[in-house]
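Participant: Given chain A's structure and the hints, the job is docking chain B onto it.
As you go down the protein sequences, you meet chains A and B in turn. Number 21 in this note's numbering belongs to position 21 of the first sequence; there are no gaps in the numbering. Position in the second sequence (from 1) plus 10000 gives the number in this note's numbering.
Bear in mind the hints are in silico, worked out from the structure with no lab data behind them. Please note that a few of the clues may not be correct.
To be verified - List of simulated lysine-lysine pairs, DSS-like, C-alpha gap at most 25 Å: (1) 10286/B <-> 316/A; (2) 284/A <-> 10159/B; (3) 10917/B <-> 10895/B; (4) 316/A <-> 10172/B; (5) 221/A <-> 245/A; (6) 17/A <-> 10135/B.
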Amino acid sequence: MADNQPDRGQRGLPGGKPRYSAFAVAKNSMSYHQDWQRAWRDAEPKSEYDAVIIGGGGHGLATAYYLAAVHGMTNIAVIEKGWLGGGNTGRNTTIIRSNYLWDESAAIYEHSMKLWEGLSQDLNFNVMFSQRGVLTIAHSEHELREMSRRVHAIRLNGIDSEILGPAEIKKFVPTINIDQSIRYPVMGGFLQRRGGTARHDAVAWGYARAADDLGVDIIQKCEVTGLRRQGRKIVGVETSRGFIKTKKVGCVVAGHSSVVAAMAGIRLPIASRPLQALVSEPIKPILDTVIMSNAVHMYISQSDKGEMVLGAGVDKYNSYAQRGSFPVPEHMLAAAVELFPVLSRLRMLRHWGGIVDTCPDASPIISKTDIEGLYFDCGWGTGGFKATPGSGHVFADLIANDRPNKIAAPYTLDRFRSGLLIDEHGAAGVAH
Amino acid sequence: MFKIGKSTSQIARLTKNSRVDQKRKISFTFDGTSYSGYAGDTLASALLANGVHLVGRSFKYHRPRGILSAGSEEPNALIRLGKGAYAEPNLRATQIEIFDGLYAESQNRVPSLSLDIGAINSVLARFFPAGFYYKTFMWPASMWMKYEHVIRHAAGLGKAADDHNDPDRYEKTHTHCDVLVAGGGAAGLMAALQAARSGARVIIADEQNEFGGWLLGEANISIDGTPALDWIAKIIDEMAAMPNVTMLPRTTVFGYMDSNYLTLNERVTDHLPERPAHLPRQRLWKVRAKQTVLAQGAHERPLVFAGNDLPGVMLAGAVRTYINRYAALPGQRAIVMTNNDDAYRTGMALHDAGARVTIVDLRAEPKGALIRAATNAGIEILAGHAVITAHGNHRVARVEIAPIDDTATAIAGDFIHRDCDVIAMSGGLSPAVHLHSQARGKLQWDDKKLCFKPSTTHEASFNAGAGNGTFDLASAIKEGIRCGARAASAAGFKNTMADSPSVAMPKQSWTPLAAWNIPNGHAEGAGPKAFVDFQNDVTANDVRLAAREGYQSVEHLKRYTTTGMGTDQGKTSNINALAILADALGNEIPEVGTTTLRMPYTPSNLGAIAGRDIGHLFDPVRLTRMDDWHRSHGATFEHVGQWMRAWYYPQEGETMAEAVNREVLAARTTAGLLDASTLGKIDIRGPDAAEFLDRVYTNGWSKLAVGRCRYGLMLKDDGMVMDDGVTTRLGKNHFHMTTTTGGAAGVLDWLEEWLQTEWPDLQVYLTSVTEQWAVATLSGPNANKILQDAGIDIDLSPTSFPFMSMQNCHIGGLPARVFRISFTGELSYEINVAARHGLALWTHLMKSGAAHGITPYGTEAMHVLRAEKGFIIVGQETDGSVTPHDLGMDWIISKAKPDFIGKRALARTTMAYDDRKQLVGLKTKDPQQVIPEGAHAVRDPNQPLPMDMLGQVTSSYHSPNLGYSIAMALLKGGHNMHGQTVFFPLLDGRVIEAEVVDTVFFDPKGERING
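Chain A with its partners taken away, still in its complex shape (with noise of 0.2 Å):
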């Protein structure tokens, strides 16, 4: 939506450090692999730094990036308290879509999906973005016009999507029940074919490979024990490997962002819960394409190595174990078994719970604050990962300028303040 394609700055590992190709793995593949370098430094914290990124997942990695190949500023380092990638980034059932209802939604995730389209390009590391469509299922009246509004509103965005009967779901969707007699039958749905599903862990790595070419410091087992301030001012980080001094810092640590905040003495109107997934065991291909419901809160898609990848709604209390409770599972798995009887007879092989942190308006902060130089990305939700990109880019952007941009706009703080809540919650309902 946003009506220019967003800066992508220096891309392809400026840096000088060897690229991968397919002739490259057949060269190295000749000395047996035993050529191929580190993909980043094990980098050791500098006494300073022009801005520090607290929190190594994909938005943490993806900022520092962009810091570096757009804004120019290398001399920068990301912390992470335990290894790249561990929280959401490599906990989420990956969807990218980009086709929201606000306005101010449509453009950041547009945004981003912009930025995937030739991110593995861009790091030179195949972040294995699938474009195989995100459709999303109504079930009702009340939702069949819900979904006219928001294809509406997506179109006029400028932003693709389609909307598809129960028929033409079967025919793209073969193992899809749309049997009408069920209890929530599929009513019709509407489809971003540009949407798709990531490789999560490689989203980190590429990010953390490209960003250590241009020469920002990745530092793994470093956690941040507190924030020191001179007035209102931010003038470096206290990390359980010292201190380092620095007057920018960036905080994308997602469901601990609340924790960090109160070392700065703020509070975040963030509420944490537990939001959980799971795999079956690896199939033939049976789903090529990603499949969402809100109504019965669940979503599925198959990955490239065959498990079948389920997500479900948020857990109903708040915590900071990344784990769930089982009925949120038990009745998942019942919608899911209702619109793919297939996966009745396949197995749960792995389950996991990870920290979504939530605003009330279920939108996210990229935000100053009180605090001189000292910035705040979070707040994604259940739905960050799709963000990745972008997220980082604007909030690079916020960095760099000490102001936001227009994309960013709109995720200030103060609007919890203000009342101009971009509320995809009532808009939206379930926001994936």
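Facilitator: Just chain B now, kept in the frame of chain A:
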């Protein structure tokens, strides 16, 4: 010494005492060939008894694979079982109990196991190291989807059922117990028995078809002077007779959640040729246990050497199990390769069964009773040696053996060659700590036994036996008794510990030699592949490559190489992978750490987790008491929340539009009757009821007179409209609230939340009475006549029964509560009767109204009627982002009240911005064009994308009373747009033009309210 049996069909079957019943022959089919086995066989043991080792192809390289294990840890022998709708992929042959007519197929091969074209990948394997796909397929960018298509079809394991409709049924059981024991081996059985004798309610579950654990696969062990399995049988008999014990064979404890909540999957009928109709296929047990004893045993680890994935290369314990438990001899010329004592027992079992055996011991100077016994039996022992490479085509045929140095990291002498048809390997044991770890228990590395074992627990649980790293049988039994005793005590049952039985078996050491990656004499990375994860084809070199490239966190290793991510979840591979990673990094194993173990322990059927909550039990269908009448009168229904509501009542040959028009006209010209029973109804009582309403609604309630009704709007705390409805004062401290149909449950939750968490001082009691009342809404100019004919016993004149009031009365003898309120703008009564009288009331009114043109109308006509009057529907005109002001309903905001929910939010300056989306009416230029609901308005339809949108149509209908199309919309600054023209670009390319008008289209002065 035993003899191979004579039966040609089971060429590797031994004639010896075992757990299979050689009198009961069973025939089955594998890949189109018929075989026979015996009752008690698994598919794996039956195939081995028939000399079949090649049973599958690996995931990535399509290498031939055989049977590795004899249990649920099996990574290789994955089978598609059954046909048609019963087919199920990826089942482990080692767990499938055979029955007559069993039909099994191998997977992931085209066209057949022996001629798999995918095996080309194995030839090209050099170009496919771990993670190669992250480095390739990027050029040209547009080709990725095509590359991916090929990748997807090459990946995946088995094929799902061709017929998707699972004919089987799955049930769930919820239960409590004092002690749940996971694992029915010696330690688990003793724990269960100890706890059961104390009187505790005990559940013991084991994934196998019989209890006994690994003892089922042993010979020559006696306990308390009797053969071990006789001793087991006695324990089972004792517990089977105890009413407080539930014994669940074929049941896997697969999940351990907070507060000792565990999930079990019981396979009830999978092993039966005919499945009795009264039994479910599987049963999901959801158990809340006061205490648990985890006794899941241990998994043997493979050794990582070149060619270790060939069919015929098996775990040593599994080989012993096939011989002793199933009387199947996996090979006649055996190599036993080990870093520990235990595999010597396999050497002896092979030897006793008539095989020629060579033991290749990685340790330079093995000592002890087992070694002496093997030496005495004349078995060739090559100490300080290793199998460097195994060779063979579809089965191992020969090995190269060489001396190795003390640390098993370098070849230290000349190669020796041996022919063989089976290799029994043992790399030591890994306790199955899965449930302990799922329950957030901590692990510690045992430097002597070379394994992670449980340290501290988080939940109320105890670890016993091999699962706790206690591999010695006598000690494991003792530990079982102790854990059972402690668990029972902790659950509140006094008990005295039973004596530990005496165990007679040769002494052995449990300290293997650390030998994680057998050297192959080639440069690093070169030479034949040595596999770590068999299913996902992850080699030792892949692990080292990941380390080299910086994927050094154990989680990165797993995700980059996919090690441990197969259907076996790395039960046999994780520790080897960790150890090799540690070696590559120059770290100690415990520093590298483990990945988080998560539910499920073994893959568990999705159908069983969904259970019976599918089909019409997925979510209750709520029907009104008049539903039968609607159905028998041809109504079409729509889903509204859980309810099915009559949508419209088409008569013979009528289209929906014709039916709706007829119903709408009738309600304004004669009378219409609507089933309004689904409206949410909440009974509110208590001395603070009026104060409570003052706080939750935007308008004032304290002064509402008894018997009078008032419309109210409820806001969320952000000031946005949440729900609406009419509430009536039935008494000083008693109100009857109505809510929207879909919002009823949410509103009750919301009110309760405020009462319970914010205003506990208020004395107010809420009761949902939605289902206690049936409601018929009679609307139209003939309403009074119909009610009089129906025998209403009150005066209906506007003076004695004014608009917005309520009266108790009788209609045709039925006690009724009648509200004179109107959602159509016509003279209208909402008649509430006890639910059981609903149908009687409805039919009575239809009969009484027949002469007055009474017409049943559905929800669609109701929508049109209210839209003609400009009445909103919450959830249609609102979406959680609309304030009362946006709706033009400032009149309902009390200025006098000190507070109500949402008041502060409404005071924010942005709430008064002129460019907020505001509710307006729309009249299309072409009166016959109906704008689709959801269409968005623009000022200039010819502007480029993205367009500047004003807002959207929320309701839109053809109005038969007005004869033209009407709509409502939320438009930016709409309140100041009256008279302006807006355009609606549609999905099909058409553009509709409309004028912004007032929202009240019909009877703007409200003159029809009294009929």
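Participant: Please go over all the hints and tell whether each is borne out by the structure.
Facilitator: Hints, verified against the model:
Between the alpha carbons of residue 10286/B and residue 316/A the distance comes to roughly 20 Å, so the proposed pair stays at or under 25 Å and holds. A hinted pair counts as satisfied when its Cα atoms are at most 25 Å apart, and residue 284/A with residue 10159/B qualifies at roughly 5 Å. A C-alpha spacing of about 23 Å is found between residue 10917/B and residue 10895/B, which places the hinted pair at or below 25 Å, so the restraint holds. Between residue 316/A and residue 10172/B, the direct Cα distance comes to roughly 23 Å. Compliance with the 25 Å bound is thereby established for this hinted pair.
At roughly 18 Å between alpha-carbon atoms, residue 221/A and residue 245/A fall within 25 Å of each other, so this suggested pair holds. Distance check on the hinted pair: residue 17/A and residue 10135/B sit about 13 Å apart at the alpha-carbon level, within 25 Å; holds.
Hint violations for this structure: none, all hints satisfied.
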